[in-house]
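> Take a look at the letters that make up each chain.
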Amino acid sequence: MSRRIIFYAYLVCLMLPLYWLINLSFKANVEISTTMTLWPAVPTLSNYAVIFTAPEWFDGFRFSLTYVALNTIISISVALPAAYAFSRYSFLGDKHLFFWLLTNRMAPAAVFALPYFNLYSSIGLFDTVWAVALAHCIFNVPLAVWILEGFMSGVPREIDETARIDGYSFPRFFIKIFIPLIASGIGVAAFFCFMFSWVELLLARTLTNSKAISSIMTRTVSASGIDWGLLAAAGVLTLIPGALVIWFVRNHIAKGFALGRV
Amino acid sequence: MIKSVDNRAWFLVLPVFALVAFNAIVPLMTVVNYSFQDSFGNNQFFWNGLGWYQELLDPSSELGGRFFAALGRSAAFSLGILAIEVPLGILVALCMPRDGAQLAIGLVIMALPLLVPWNVVGTIWLLYTRPDIGLFGWLINAVGIDFNATKNAAQAWFVLIAMDVWHWTSLVALLCFAGLKSIPDAYYQAARIDGASRLAIFRYIELPKLGRVLMIGVLLRFMDSFMIYTEPFVVTGGGPGNSTTVLSIDLVKIALGQFDLGKAAAMSIVYTLIVLTVCWVFYTVLVTRDSQTVERPEVPS
Amino acid sequence: MAQIELVDLAHAYWTHAEPADYALKPMTTTWRQGGAYALLGPSGCGKTTLLNIISGLVTPSRGKVLFDGVDVTGLPTERRNIAQVFQFPVVYDTMTVFDNLAFPLRNRGLDRRAVEARVREIAGLLDLTPDLSRRARGLGADAKQKISLGRGLVRPDVAAVLFDEPLTVIDPALKWELRSKLKALHRALDVTMIYVTHDQTEALTFADTVVVMHDGGIVQSGRPDELYDRPRHTFVGHFIGSPGMNFMPAQVMAAQAQVGEAMIPLARSYPALSAGAKLAIGIRPEHLRLSAHGEHRARLERVEDLGRVRYARLNFEGHRLAALVPEGEPPPSGPDIRIAFDPARIHVYADNLLVGEP
Numbered sequence: 000m001s002r003r004i005i006f007y008a009y010l011v012c013l014m015l016p017l018y019w020l021i022n023l024s025f026k027a028n029v030e031i032s033t034t035m036t037l038w039p040a041v042p043t044l045s046n047y048a049v050i051f052t053a054p055e056w057f058d059g060f061r062f063s064l065t066y067v068a069l070n071t072i073i074s075i076s077v078a079l080p081a082a083y084a085f086s087r088y089s090f091l092g093d094k095h096l097f098f099w100l101l102t103n104r105m106a107p108a109a110v111f112a113l114p115y116f117n118l119y120s121s122i123g124l125f126d127t128v129w130a131v132a133l134a135h136c137i138f139n140v141p142l143a144v145w146i147l148e149g150f151m152s153g154v155p156r157e158i159d160e161t162a163r164i165d166g167y168s169f170p171r172f173f174i175k176i177f178i179p180l181i182a183s184g185i186g187v188a189a190f191f192c193f194m195f196s197w198v199e200l201l202l203a204r205t206l207t208n209s210k211a212i213s214s215i216m217t218r219t220v221s222a223s224g225i226d227w228g229l230l231a232a233a234g235v236l237t238l239i240p241g242a243l244v245i246w247f248v249r250n251h252i253a254k255g256f257a258l259g260r261v
Numbered sequence: 000m001i002k003s004v005d006n007r008a009w010f011l012v013l014p015v016f017a018l019v020a021f022n023a024i025v026p027l028m029t030v031v032n033y034s035f036q037d038s039f040g041n042n043q044f045f046w047n048g049l050g051w052y053q054e055l056l057d058p059s060s061e062l063g064g065r066f067f068a069a070l071g072r073s074a075a076f077s078l079g080i081l082a083i084e085v086p087l088g089i090l091v092a093l094c095m096p097r098d099g100a101q102l103a104i105g106l107v108i109m110a111l112p113l114l115v116p117w118n119v120v121g122t123i124w125l126l127y128t129r130p131d132i133g134l135f136g137w138l139i140n141a142v143g144i145d146f147n148a149t150k151n152a153a154q155a156w157f158v159l160i161a162m163d164v165w166h167w168t169s170l171v172a173l174l175c176f177a178g179l180k181s182i183p184d185a186y187y188q189a190a191r192i193d194g195a196s197r198l199a200i201f202r203y204i205e206l207p208k209l210g211r212v213l214m215i216g217v218l219l220r221f222m223d224s225f226m227i228y229t230e231p232f233v234v235t236g237g238g239p240g241n242s243t244t245v246l247s248i249d250l251v252k253i254a255l256g257q258f259d260l261g262k263a264a265a266m267s268i269v270y271t272l273i274v275l276t277v278c279w280v281f282y283t284v285l286v287t288r289d290s291q292t293v294e295r296p297e298v299p300s
Numbered sequence: 000m001a002q003i004e005l006v007d008l009a010h011a012y013w014t015h016a017e018p019a020d021y022a023l024k025p026m027t028t029t030w031r032q033g034g035a036y037a038l039l040g041p042s043g044c045g046k047t048t049l050l051n052i053i054s055g056l057v058t059p060s061r062g063k064v065l066f067d068g069v070d071v072t073g074l075p076t077e078r079r080n081i082a083q084v085f086q087f088p089v090v091y092d093t094m095t096v097f098d099n100l101a102f103p104l105r106n107r108g109l110d111r112r113a114v115e116a117r118v119r120e121i122a123g124l125l126d127l128t129p130d131l132s133r134r135a136r137g138l139g140a141d142a143k144q145k146i147s148l149g150r151g152l153v154r155p156d157v158a159a160v161l162f163d164e165p166l167t168v169i170d171p172a173l174k175w176e177l178r179s180k181l182k183a184l185h186r187a188l189d190v191t192m193i194y195v196t197h198d199q200t201e202a203l204t205f206a207d208t209v210v211v212m213h214d215g216g217i218v219q220s221g222r223p224d225e226l227y228d229r230p231r232h233t234f235v236g237h238f239i240g241s242p243g244m245n246f247m248p249a250q251v252m253a254a255q256a257q258v259g260e261a262m263i264p265l266a267r268s269y270p271a272l273s274a275g276a277k278l279a280i281g282i283r284p285e286h287l288r289l290s291a292h293g294e295h296r297a298r299l300e301r302v303e304d305l306g307r308v309r310y311a312r313l314n315f316e317g318h319r320l321a322a323l324v325p326e327g328e329p330p331p332s333g334p335d336i337r338i339a340f341d342p343a344r345i346h347v348y349a350d351n352l353l354v355g356e357p
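Residue numbers (numbering that gives the first Met the number 0), protein chains in the order written: chain A, 0 to 261; chain B, 0 to 300; chain C, 0 to 357.
Treat the hints as calculated values from the structure; they're not laboratory data. Do not rely on the hints blindly, as some may be mistaken.
With the Cβ distance kept under 8 Å, some of the chain B side facing chain C (calculated, not the full set) [what the hints assert, rightly or not]: (1) Ala74; (2) Gly99; (3) Ala103; (4) Ala189; (5) Pro207.
The list that follows gives simulated cross-link-like pairs (lysine-lysine, DSSO-like), each with its CA atoms no further than 30 Å apart [said to hold, decoys possible]: (6) Lys175(A) with Lys208(B); (7) Lys180(B) with Lys150(B); (8) Lys254(A) with Lys180(B).
We put the beta carbon where it would ideally sit given N, CA and C, even for glycine.
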């Protein structure tokens with residue numbers, strides 16, 4: 000039973016900072032800065048009203064979700080054939096290539112911020128969803144390849160061979176038979192791509208002119224100091240897409256974190 | 000699994016290669032290029048050879064001292080969070096219910112911090128730990144400890160580490176949980192029959208099975224914690240003073256704050272090489288372990 | 000070392016199960032100290048459940064488990080003095096083979112010298128001596144299962160060693176060798192062994208008492224020859240022997256059985272058969288003679304040549320029968336042949352149960 004207590008204590012520790020964020024988001028700045036209340040004494044929606052009436056907040060959300068979705072689609076679709084190659088064939092330089100891919104997952108974003116700005120400006124994509132969606136591929140594509148490779152290696156080769164004998168062409172086999180078999184792996188990879196693209200800030204801010212939702216949040220800092228209530232409300236809103244994604248995949252989380260490799 | 004040799008597989012890898020190379024090679028070349036040059040501003044560059052590197056790796060120089068101090072802080076941060084997150088993650092995984100509604104709710108709550116944008120993570124902890132408006136800061140002050148992370152370096156470190164533990168322990172725990180679930184019941188039954196203690200079960204059954212996922216977890220956590228930028232930037236901004244200026248923050252200060260592109264580039268290269276070396280060691284260990292456990296499938300899970 | 004008694008034992012995996020859902024139907028049996036038992040039955044008949052109840056991994060829904068008269072029903076596995084070997088090898092990957100074998104002993108606080116001696120003895124019996132200092136991780140499935148067997152056998156004080164289909168993952172050639180090794184170990188160690196299997200050859204060669212389970216209940220237990228010669232249940236007749244016993248629904252009148260049109264004489268008369276019971280007669284293939292002078296007509300469908308023996312597949316009065324073709328005789332020819340039943344070897348079954356001596 001003490002195990003359960005540890006587990007619930009951990010969950011409470013996870014929830015407390017989130018609770019505090021939500022708590023502050025329903026308070027007016029006067030209440031925040033003058034009294035310490037465990038729940039809003041005078042609950043107000045004014046912070047949210049500011050956000051919902053200002054178009055740049057809405058646009059920021061739309062912009063961010065667009066590049067996240069684009070990035071997830073691009074990452075998964077290029078990673079699928081590559082992961083298949085790594086899981087099924089041995090070819091010239093495969094191990095080095097695999098490690099090189101993974102190194103890009105390791106490269107510090109801070110290192111690349113400035114060169115990225117130069118690169119995407121020079122090809123005219125600066126300040127578009129495409130710039131961020133493509134830039135995020137540097138860490139999401141290797142991750143997707145790595146996760147999908149794990150899942151694909153769990154599918155017996157005999158399936159490929161049977162399909163070939165049954166007269167399936169490679170593209171038809173891949174789309175009709177193989178992809179459904181690793182559907183859960185695709186789901187897991189998509190989840191991680193979404194996650195890392197959604198939470199990343201540095202590149203998103205460098206490659207756009209303050210369009211991503213994360214950059215817009217910095218606007219809560221004004222000459223008169225930080226607007227705490229507004230900051231908290233914006234923070235709460237950025238939790239929602241993540242929470243929704245988790246809710247949809249809640250039955251697959253445990254399996255997903257096995258990454259097909261345990 | 001025996002793979003067939005076929006170099007045509009390169010065609011399947013080509014899109015990934017092109018996309019990642021576009022993102023990696025051109026910017027990397029830019030960085031390398033900068034690192035060998037100096038500038039008087041106005042986009043006029045001249046060749047500086049290994050000058051920046053010599054300065055960077057010489058702890059007695061201004062740049063070198065600063066670099067090694069930041070490197071030390073980054074290493075300390077990574078080691079600190081690993082030392083907490085790995086044991087805590089294992090503990091949480093061991094304490095998780097195996098199934099049922101409690102597990103489902105627990106999993107959702109645990110996954111939540113992982114999907115919080117990193118600047119919002121910083122914001123949450125800023126709001127949570129400030130002595131004037133934060134629950135945590137207020138509570139600590141209420142019990143008589145003077146708590147203010149913007150003034151006290153040790154407290155700033157405490158907040159950063161607590162924040163990272165809050166943010167990422169669930170990742171380690173979820174990986175371990177998946178690893179634990181893959182242990183067949185027969186192992187636990189055999190251990191009971193052999194009269195193994197709880198500790199022995201952990202030491203000889205669970206820990207060996209967790210070895211693999213822990214490697215993955217440590218690797219991911221090392222990479223991300225060593226490169227951490229956004230969260231400390233929001234919470235402490237590297238302060239008070241330079242006490243929480245980790246490598247990434249220093250790098251951005253040099254590159255974008257002072258516009259010392261040559262210094263920043265040389266620093267980036269050294270920084271990347273360090274991350275790569277450590278990761279290469281991990282990767283090698285991981286791959287070697289894999290090849291040792293190829294004949295795994297004798298136990299159905 | 001102990002005598003194991005199961006008293007009025009039954010088990011259901013759901014709490015409010017109907018008797019029909021019981022994984023184990025009520026049973027009372029005794030397993031004597033030092034016996035070599037085989038628990039034989041098809042998959043899903045409840046043998047593993049019974050084994051896990053004896054070892055304490057499963058607590059029975061009702062009834063008692065007694066070790067030497069002491070009720071251990073509520074005791075957990077680790078306090079029962081039971082060793083168990085599982086279907087798939089369970090080894091502690093990070094330990095050496097020696098440490099694996101020593102593990103159950105060390106956990107029970109044996110001193111180092113005793114551990115060393117016992118481990119070396121068991122390793123010797125299982126041919127593991129050359130591998131003792133190797134790490135278990137790198138070994139093949141065969142060697143791993145030998146370690147599992149060794150861990151089951153290493154404790155000198157166990158009440159019984161339970162084997163749950165331990166040779167499933169082993170190569171056929173090695174299987175035979177390990178089985179005879181287990182038999183030798185049983186003699187050398189004088190310990191009760193209960194061996195679960197669905198393979199009759201394994202059961203019949205290993206055990207001195209074979210317990211046949213069917214549908215959650217024990218249908219017969221006895222020496223292998225008893226099971227073969229006098230199956231007490233049609234299931235035992237079917238399950239043991241390959242091909243199994245021939246069964247034909249029949250009418251039994253005094254000392255004759257009528258199958259279809261044919262009247263088959265029996266060794267004795269059966270006066271007291273209850274009226275509503277479903278009657279059948281059973282005969283082993285080798286007691287059914289193919290003979291030109293046989294009194295019954297049958298149609299030959301085909302002859303199966305299994306190398307060492309040949310079986311004729313017959314159709315007799317609409318029932319499929321197998322008959323052994325005696326060695327040295329030419330295979331019967333022609334679709335129409337004649338057969339004879341050995342009256343002394345015909346058993347009569349009422350509602351699947353053997354009708355015993357009056």
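> Against the structure shown, which of the earlier numbered hints fail to hold, in ascending order?
1, 2, 3, 6, 7
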